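J.: The sequence shown begins at 1 in the working numbering and counts up one residue at a time.
Simulated from the structure, these hints should not be mistaken for laboratory data.
Since the model is a prediction, treat every value here as computed from it, not as a measurement.
Just so you know, even glycine gets a beta-carbon here, dropped at the ideal spot from N, CA and C.
Just so you know, not all the hints are guaranteed correct.
[What the hints assert, rightly or not] SDA-like cross-link-like pairs, simulated, lysine to any residue; straight-line CA separation at most 25 Å:
1) Lys49 to Phe88
2) Lys49 to Asp31
3) Lys49 to Arg87
[What the hints assert, rightly or not] Computed beta-carbon distance windows for the label pairs:
4) Ile39 to Phe4: 20 to 26 Å
5) Gln41 to Leu93: 36 to 42 Å
6) Thr58 to Thr32: 14 to 20 Å
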Amino acid sequence: MHAFDVLGDPVRRRILELLADGEQPAGALGDTVRREFGISQPAVSQHLKVLREHGFTTVRAEGTRRLYAVDPGPLREIDAWLAGFRRFWTPPLAALATELARGRRERRLRADDTDERTEP
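Start from the sequences, fold in the hints, and give me the full structure.
T.: As structure tokens, this is what we get:
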């Protein structure tokens, strides 16, 4: 299974989003995913298994709990593949940032000009 096939499922993407904040027990992940997607515990377990088997997560035992965490390796591979396409969105985003900064500057200058005119 290709990395994009693994990430093509919204449940698996959500699990990775939850894990982006740090390690979590399988039970907590399951509770959130079951509530948000209305799927069974066995279905959540299957998604966790796919993520684990394809290297997107690691799992470690702590007593009776299983703690999951993101393994960044496959995500780095996806990022490297996407690097060839960044040229399509990086310049427009940089131009947007420039326009936003220009607008903030103009509003600040107008506010300063208004303040100067209203001072006694």
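J.: Would you mind marking each hint as holding or not holding in the structure?
T.: Tested hints:
1. Straight-line distance between C-alpha atoms of lysine 49 and phenylalanine 88 comes to about 34 Å, which puts the hinted pair past the 25 Å bound.
2. Between lysine 49 and aspartate 31 the CA atoms are separated by roughly 16 Å; this keeps the pair inside 25 Å, and the hint holds.
3. The straight-line distance between the Cα atoms of lysine 49 and arginine 87 is roughly 35 Å, outside the 25 Å bound, and the hint therefore fails.
4. Against the hinted window of 20 to 26 Å, the Cβ-Cβ separation of isoleucine 39 and phenylalanine 4 comes to about 21 Å, which satisfies the hint.
5. Glutamine 41 and leucine 93 have their C-beta atoms about 40 Å apart, which keeps the hinted 36 to 42 Å range intact.
6. Under the hint 14 to 20 Å, the C-beta atoms of threonine 58 and threonine 32, about 19 Å apart, fit the expected range.
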